[in-house]
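Q: Okay, here's what each chain looks like letter by letter:
Number of protein chains: 2
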Amino acid sequence: MDLIELLPSLIQKNQTKIVMLVADGLGGLPQQPGGKTELETAATPHLDALARRGVSGLSIPVRLGITPGSGPGHLGLFGYDPLKYLIGRGALEATGIGFELQPTDVAARGNFCTLDKNGLISDRRAGRIASDESAPLARRLRDVKIPGVEVFVEPVKEHRFVVVFRAAGLGEHVHDTDPQETGVPPLASKAARPDSQRTAEVAAEFVAQAQKLLAGEAKANGLTLRGFAARPSLPSYEEVYGLNAAAIAVYPMYKGLARLVGMDIVGQAQSLADQVGVLRDNWSKYDFFFLHFKYTDSTGEDGAFDAKVKRIEELDDIMPRIMELKPDVLIVTGDHSTPSMLRSHSWHPVPTLLVADHCRPDGCERFGEADCLRGGLGQFEARYLMPLAMANAGRLGKYGA
Amino acid sequence: MDLIELLPSLIQKNQTKIVMLVADGLGGLPQQPGGKTELETAATPHLDALARRGVSGLSIPVRLGITPGSGPGHLGLFGYDPLKYLIGRGALEATGIGFELQPTDVAARGNFCTLDKNGLISDRRAGRIASDESAPLARRLRDVKIPGVEVFVEPVKEHRFVVVFRAAGLGEHVHDTDPQETGVPPLASKAARPDSQRTAEVAAEFVAQAQKLLAGEAKANGLTLRGFAARPSLPSYEEVYGLNAAAIAVYPMYKGLARLVGMDIVGQAQSLADQVGVLRDNWSKYDFFFLHFKYTDSTGEDGAFDAKVKRIEELDDIMPRIMELKPDVLIVTGDHSTPSMLRSHSWHPVPTLLVADHCRPDGCERFGEADCLRGGLGQFEARYLMPLAMANAGRLGKYGA
Chain A
1 MDLIELLPSL
11 IQKNQTKIVM
21 LVADGLGGLP
31 QQPGGKTELE
41 TAATPHLDAL
51 ARRGVSGLSI
61 PVRLGITPGS
71 GPGHLGLFGY
81 DPLKYLIGRG
91 ALEATGIGFE
101 LQPTDVAARG
111 NFCTLDKNGL
121 ISDRRAGRIA
131 SDESAPLARR
141 LRDVKIPGVE
151 VFVEPVKEHR
161 FVVVFRAAGL
171 GEHVHDTDPQ
181 ETGVPPLASK
191 AARPDSQRTA
201 EVAAEFVAQA
211 QKLLAGEAKA
221 NGLTLRGFAA
231 RPSLPSYEEV
241 YGLNAAAIAV
251 YPMYKGLARL
261 VGMDIVGQAQ
271 SLADQVGVLR
281 DNWSKYDFFF
291 LHFKYTDSTG
301 EDGAFDAKVK
311 RIEELDDIMP
321 RIMELKPDVL
331 IVTGDHSTPS
341 MLRSHSWHPV
351 PTLLVADHCR
361 PDGCERFGEA
371 DCLRGGLGQF
381 EARYLMPLAM
391 ANAGRLGKYG
401 A
Chain B
1 MDLIELLPSL
11 IQKNQTKIVM
21 LVADGLGGLP
31 QQPGGKTELE
41 TAATPHLDAL
51 ARRGVSGLSI
61 PVRLGITPGS
71 GPGHLGLFGY
81 DPLKYLIGRG
91 ALEATGIGFE
101 LQPTDVAARG
111 NFCTLDKNGL
121 ISDRRAGRIA
131 SDESAPLARR
141 LRDVKIPGVE
151 VFVEPVKEHR
161 FVVVFRAAGL
171 GEHVHDTDPQ
181 ETGVPPLASK
191 AARPDSQRTA
201 EVAAEFVAQA
211 QKLLAGEAKA
221 NGLTLRGFAA
231 RPSLPSYEEV
241 YGLNAAAIAV
251 YPMYKGLARL
261 VGMDIVGQAQ
271 SLADQVGVLR
281 DNWSKYDFFF
291 LHFKYTDSTG
301 EDGAFDAKVK
311 RIEELDDIMP
321 RIMELKPDVL
331 IVTGDHSTPS
341 MLRSHSWHPV
351 PTLLVADHCR
361 PDGCERFGEA
371 DCLRGGLGQF
381 EARYLMPLAM
391 ANAGRLGKYG
401 A
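Top to bottom, those sequences are chains A and B.
Going by the working numbering, the residue at position 265 of the first sequence is 265; the numbering climbs one at a time, nothing skipped.
Going by the working numbering, the residue at position 236 of the second sequence is 236; the numbering climbs one at a time, nothing skipped.
Derived by calculation from the structure, the hints in this document are not laboratory data.
Misleading hints may appear alongside valid ones.
[To be verified] One-sided excerpt, in silico: chain B residues whose CB lies under 10 Å from chain A: (1) R166; (2) C359; (3) G378; (4) Q379.
[Stated by the list, open to error] Residues of chain A placed beyond 10 Å of chain B at every Cβ, according to the derived structure: (5) D178; (6) G216; (7) L373.
[As the list claims (entries may be wrong)] Result set (DSSO-like, lysine-lysine): computed pairs, CA atoms no more than 30 Å apart in a straight line: (8) B:K190 x A:K294; (9) A:K157 x B:K212; (10) B:K398 x A:K157; (11) A:K36 x B:K398; (12) A:K310 x B:K117; (13) A:K84 x B:K13; (14) B:K398 x B:K17; (15) A:K190 x A:K212; (16) B:K398 x A:K84; (17) B:K17 x A:K36; (18) B:K212 x B:K190; (19) B:K117 x B:K190; (20) A:K36 x B:K117; (21) A:K190 x B:K398.
Since the structure is predicted, the reported quantities are computational estimates derived from the model, not experimental observations.
The beta-carbon is built from N, C-alpha and C at its ideal position, and this holds for glycine as well.
Given only the sequences and the hints, what does the whole structure look like? Please build it.
A: See below:
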C-alpha cells in the first residue's frame, strides 16, 4: 500500500490551520568552494527565529539525483509520489496557462512549424516566431469545427500553443506528430492504443483544417502536435487529507497544479504582500493554504545570486505577517533547488522548515542548507511533508491498534 | 514507476567522465568501544582532501539491516534495486568463475557427494574433497552428451562445480536435487513450473550419465544440483544511463557482475597500479569506469584489522594518479562493509564520497564513518548513487516540465 492510500483512513478533523509556503527553487549552491548559498547569504532573522522554534531538514523532491520540473516538484510537496502520479506534457502545458482541464479533455502541445512547397518541415519552430505574431494565428485555429467535439486553442509563447479536445471517449494515447527533424513531413496522427483511435482521428481532422487556415502564412504555415494527455487522475486534498485547501499563487502554472489536486484558487494576488492579504481574508474559510512565491526560482534561473538573496530577504520580511495569523503548522520549503550558479533547476535537496507546537526541536539556529543538513527532519522525500504536516496538526489518527 | 525505468527518458549525453571506485567491504567497526574503524585509523591524506572538496554520506547497500553478498552489493551500486533484480545462485556461481552466460543458458551449482552402496547420500560434500582432486572429475563430466543441448561443466572449488545447459526453451524453474540431508538418495530433478519441464529432463539425463562417469570414485561418486538459474535480465548501462561503461577488475566475479549490466571488461590488471594504468589507457574510450579493489574485503574477512588499514592506505596512495585524469565525477564507496571484527560482510552502511564541481559541500574534513555520518549525502540506498553521479555529470535532464 502506498502511504497516500493509507492516509484517508487516519483522518481526524479539527480546527487547525496549515500553511505551506513554497519558495520556488529555494535551494542553492555557494558561488565558490567554502562559500555560502543564496539562502545562507540572505539576512533572514524571522526565518532563523522560526528555525529555532521548529524542525528543519532537506527535502528530496523526487528521488536523489532527479531534477524535477514544476509539475513533479509540486506533486511531491502535495504528497503525491511523482514517480507514480504523472502529468502528461499536454496537460501540464494547458495547466500552465490556466486552462481548466475537464475529465473528458485531451490536451496536446502544438508547435507552429514552417513547411516548404512540398509539405516538408523546413523549420520545426516556425523561425521562433514572436508571440505577438503567433497568438493571433493560434486564435485563428479556433475556427476548426469537428462534429461532436469541442475544440479549444490557446496561444502559449512564440511557436507554442495548446489544443484541447473535449468529448466523451477520447483516449490520451496518441503518438506525437512532430517527426523531430526537418526535411520530412509532419507525421500522421496515430493511436498508440486502441482506446485512443477516436482521438487520433480528431487530431488528424484538426491538423487538416488548421493547415488550410494557415495556408499562405510565411513562417507558421504548418503545425505539429505533441504530448497528448488527459487531465491526470489525482485523488483530491479532501479525499486524501480531509482538508479544505486554498491556493494563493500569482502564476497560472501553480494555480493549475493546485487545481489538479482539488484546491480552491483564491484571490487575484499580484505580489507577496497581496498573497498574505488574501491569506488573511480567507483564514477562516480553509484548513490548508498553499502560498507560492515564484521569484526565488526566476532569479536563480537568471543566474542572479544577489537578486535571489534579495528575494529571499523579501520572503523573510513577510513572515511576521503570516505568523500573526498563528498557523498551527507552518511549512517553508521549495519544490526544488535552483542554484544561480547553474541557472537551472537542480537535483540538490531543498531546505525545509516545519514549525508546530509538537515538533521535536533540533537545535538548528538558522534556516539554511548547512543547518538543514543537521536538522531533525533529516533528508526525506518531499512526499512525506504532508503526512508530517497532518501529524503536527493533530489531524492523523493512529495506524493500527 | 521504478526510478531505473524513468532514467532512460532523462538521458543527456555529453563528454563527461565518471569514475566509480569500489573498495570491496570498505566499511568497518572499531576494535573497542570509542576506537576508530579501519578507515578512520588509516592515514588517508588524499581521500581526506577529496572529502573536503566533495560530499560524503553513508550508503545502504540493500535496505537497513541487510548484509549483501557481492551480487546484490554491486547491483545496488550499479543502480539496480537488489530486491527487484535478482541473480540466481547458479548464475552467480557461473559469473563468479568468469563463465559468460548467454541468454539461453541455465546454470546450476553442482556439489559432488558420496553415495553409499544403496545410493543414499553419506556425505553431502564428498568429504570436502580437495580442489585438485575434484577439478579433474568436474572436467570428466564434460563427456556427458545430451542431444540438442550444449553442456558446460566448470570446476569451482573443493566439492563445488558449475554446470550450464545451453539450448532454446530451457526454463530456470527447477527444484534443487540436494535433499539437504544424509541417508536419503539425491532427489529426482523436478520442474517447479511447466516452462521448465525440459530443463528438468535435461538435468535428470545429465545426472544419470554423470553418475556412471563417477562410478568407482571413493569420495565423489555422486552429485546434486542446486540453484538453477538463467542469466538475469538486466537493462544495460547503455539502456539505463546512455553510458559506454568499462569495468577494470582483477577478480572474475566482479568482471562477471559488470558484464551482466553490459560493461566492457578492459585490461588484464593484476594490481591496483595496473588498474589505474588500464584506466588511463582507456580514458578516451569510455564514459564510465568501474574500478574494483578486492583487498579491503579479503583482509576484513581474515579479521586482519591492521592489514585492512594498510590496504586502505594503498588505495589512498593511488588517488592522485586517478585525479590526474580529472574525472568530472569521482565516487569512492564499497559494495558493503566487512568489519575485521566480524570477519564477514555486514549490514553497516558504507562510507561514500562523491566529488564533482556542482556537489553541495558539507564541511566534512575527513573520509571516514564518523564524518560520513554528518555528510551531505546523508544515509541513502546505494541504488541512488548512479542517479546522483549522472546528475553531477550533467547527464540527466529535467523530469517533467
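Q: Confirm or reject each hint.
A: Each hint, compared with the structure:
1. R166: violated, 37 Å
2. C359: holds, 8 Å
3. G378: holds, 4 Å
4. Q379: OK, holds: Q379 (chain B) within 10 Å of chain A, min 8 Å.
5. D178: holds, 16 Å
6. G216: holds, 32 Å
7. L373: violated, 6 Å
8. B:K190 x A:K294: violated, 64 Å
9. A:K157 x B:K212: violated, 80 Å
10. B:K398 x A:K157: Since the Cα atoms of K398 (chain B) and K157 (chain A) sit roughly 20 Å apart, the hinted pair holds (cutoff 30 Å).
11. A:K36 x B:K398: Given pair K36 (chain A), K398 (chain B) holds - Cα atoms ~25 Å apart, limit 30 Å.
12. A:K310 x B:K117: violated, 89 Å
13. A:K84 x B:K13: holds, 26 Å
14. B:K398 x B:K17: Holds, at about 20 Å.
15. A:K190 x A:K212: holds, 21 Å
16. B:K398 x A:K84: Given pair K398 (chain B), K84 (chain A) holds - Cα atoms ~17 Å apart, limit 30 Å.
17. B:K17 x A:K36: Holds, at about 28 Å.
18. B:K212 x B:K190: Holds, because 20 Å separates the two Cα atoms, which is no more than 30 Å.
19. B:K117 x B:K190: Given pair K117 (chain B), K190 (chain B) holds - Cα atoms ~24 Å apart, limit 30 Å.
20. A:K36 x B:K117: violated, 79 Å
21. A:K190 x B:K398: holds, 27 Å
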